[in-house]
Every structure is written in C-alpha cells, then in structure tokens.
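Undergrad: Take the sequence shown: its letters are residues 64 to 524, numbered as in our numbering.
Please note: incorrect hints may appear among the correct ones.
[Claimed, not checked] The calculated label-pair distances, taken between Cβ atoms and stated as ranges, are:
no., residue 1, residue 2, range
1, GLU127, ARG472, 35 to 41 Å
2, PRO131, TYR291, 21 to 27 Å
3, LEU260, ALA487, 36 to 42 Å
4, ALA409, ARG472, 18 to 24 Å
5, THR358, ARG383, 23 to 29 Å
6, ASP292, SER456, 49 to 55 Å
7, ALA301, ALA409, 48 to 54 Å
8, ALA267, TYR291, 43 to 49 Å
Hints were generated in silico from the structure; no laboratory data involved.
All C-beta atoms, glycine included, are put in the ideal place defined by N, C-alpha and C.
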Amino acid sequence: MNAPLLQESVTAELARRALGVHLHAVSPAAVQVVRQCVLDYLGVTLAGSVDPVLAALRDELVEEGSAPQAQILGRRLRLSKAAAALLNGTASHVLDYDDVNFALMGHPSVPILPAALALAETLNASGAQLMEAFLAGYEAECAIGLLVAPGHYGMGFHATATIGTFGAAVACARLLGADETQMRHAIGIAATQAAGLKSMFGTACKPLHAGLAARSGLLAASLARRGYDSRQDALECAQGFAATHSANFDPATALRLPVGGYHVLHNLFKYHASCYETHATIECARRLRNEHGLTPNAIERVVVTVNPYCDRICNLATPRSGLEAKFSLRLTAAFALAGVETADPAMFSDAQAQDQALVALRDKVTVGFGDDIGQGCATVSVITADGAKHHTSHNAALPMADLAAQGARLAAKFTRLATPVLGAQRSADLLQLVAQLDTLPSVRSLAAACALQTSAAQVTT
C-alpha cells in the first residue's frame, strides 16, 4: 500500500481509501483522538459563536431564510444544513483556537466537522457514522496537503480553506453512502470550488475560510450523490488542482501511510488562542519568565528565532487589533513574558493589542529566522538590564504521547470555553456525550446539547 503509485491514480486511490475507513478496524488510539477532535471542535465553536464577527454573517443567513435542518451551535437557531455548515464553520475558526496538522499545513477539523455534523443531524446518523466520516475526510485532506506541499501554502493559499474543502467533501460523501465513482466526483467538485488566500490572515475572512470550505465540501458531496459529475482525476490532471495550485506534485509522499497508520494521530491541539506558529515562542517565553522570575521592567531585549516561513504567517510587527495580535510573534512573546493568560481568547482584544505597557515590551522583541529551526519550533533569548542572558527552545510540532493526559487537558479547555455559553451543567453533560460518541444512536442528541437555552424574552438568533 505504501509503494509509489502512478500519478493518474491519485484521485482514485484516495477515493478508495476514504471508502475503506471503518471505525471497527481503526486503532483504539485513533478512535480516541477522533473523539478529542470532536470535543475540541465543539468547545472552540461554542466560544466562537458569541463573537461579534459572526453577527453580519448570521444576519445575512437568517434574512436569506432556509429550512431549519441543523443546529447553530451556541444559539437558539436552526438553519439549512448548508447555512449551518457555513456559520458553524466560521464560528469554529474565529478564535483561531482550533487544532492543526502540519501534513495539511492548516486546521484539519474545522472544515470537516461543521459540514459533517450538519449533514449527520439531517440524516439522523449515529455517532459512530459521524466519527467514521470525519476520519475519512481527515485522512484524505492530509494526504492532499502532502500531495502539493510545500508549494501550495508557499504560494499564498490558506490550506484550511482550499484543502479543507476536500476533507469536508469526502466526509459528507461517506455519510451519504457514496460509491467510488461518486466519491471521485465529490473530490472533483470540491477541487473546482477550493479557494482561500493567506493574505487574509488577521481579518474576519480567515475564519470565513473554514465556513466556506465546510459549505463547499457539503455541496460537492450532495451534488455527486445526486449524479452531478466532474473529472474523476481532478487532483492530478492537466490544469487540475495540483497543477494550478502548486509547483510541487508528490504522489509518493501523499500516499505513504504516516507513522501509526493515521494522520489523525499527529493532530496538534491548541492551548493558546493564537496562530499555532506562535505557540513554541509562547512556551519559551513563559518558561523563561517562570524559571528566572523575569519582569517586564527588567527585560532589556528579546530575540525570537523561528523557521523562515513564519515571516509570512505570524510576523505582524505592530498589530493594532485582537485578530492581528494572534499573528504577531512579537506581541505574543510580550504577552507570555508579561504573564498574560494566552489560553484565554478574551486576552486577544483590541485593547490588549494597544496596551502601552505591552506595546513597550513588544518593541523590545526582535524576530529572526533560522533554516535549521523546524516547523512549530522556536528559540527565545532574553537579555536583562543587568546583562544576564537566558535562553531556551521548544518544539510544538510533537503531539502529546499520553492520550489520557491530552484528553484531560482538552476537557479542561472545553469546559473553560463552553461554560460561559451553555452553563456548567450543560457543558458537563455535553462533555459526557462526546465521551460516548461512538455509541450514540443519533447525533441529534449531540446537536441539541449545543443549542442555547433561552427564555422567551431573549432573542432567538
């Protein structure tokens, strides 16, 4: 299965693999991580659902009107499955607190789960069917990410948006019971819709990317199931996705099984509410602050060194808004050195980005680049006013080996994010539902648990 295949067979092989994912044959570790991905998605989406950025999109979709097919998470509102995929997908990425996989070079869960959950609710699918579909989509999008790496991301495409569309399409096609031809068509219809520019980082369009990918993937699968056709070799054909979206085309790497057999085992969860490429820097700065009792006034200079590709991702030198702050190595380093709780999304606000004390500390930070520093890694040096120099490194590209410990950490993150929206008891109930997801007879109970319970006097949207 790992032998190099002909270029012409890439789309077909990925379609076959997607249809061959069966939960009963998946390793227990992979099943555990899938549940963790679902929990993390629900937490970040519930927290994101109250963000003001969502108001315009929500108002547009409500005004447009639709059949009440699927739950809008964190609201007392139901919309069509397509509208739910778009709105929930945007909400899930608005805090930039969702998971990452470097095979994809993006966020794997938030394009897939908004579409898959909305469709699963409409179909009255089981929890196991949702998990199986999610895993099929996850593995496909990571493989496609590797197919066009590194050129795709380097050209300025936001992989969460572009390649995430394929993940959503594959997952939804699985839920719809697609055959191999329909799966290839779903991939092809996704290919011709995939879009998303990295230049939008720091604006409201970045979270919109996840929502659009979810909606486009759902549409691709639904059309394919109804007999709508496309090229069946859309990934590798002349003027196809790979040829037009990257200078690289690497079928052998794309089709090689990852260590452990599943890309999902290499999922990286976020514990800071900012771009993942800032996380190693944050961890370094926190460690130096705690180990050496550093205070902002005692710091003379800070040097952050990261991989060169971070320069076009998270090196906004003078962020002015909370959104921009998430993509600033200088400011996130200052946050960590000042003791700001970067696990709290509320800390990434316009006021914090413009706080004079934090700006003064930010301006002591210099960002440099080293080709010998890997993705997700950083080194930080702090020079204090008395001439002392403190130095440390961190690798944030490695998933936690202890899945139980990871689960506990994610449960704490979920509770922190969901409780302000749902309340303590309902958040605890939802946490328990996810723990039993593979035995749930219907995902409708999961969706209902994410609905906002309001009084008659409160608004319905």
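Undergrad: Against the structure shown, which of the earlier numbered hints fail to hold, in ascending order?
TA: As far as the earlier hints go, only 8 is violated by this structure.
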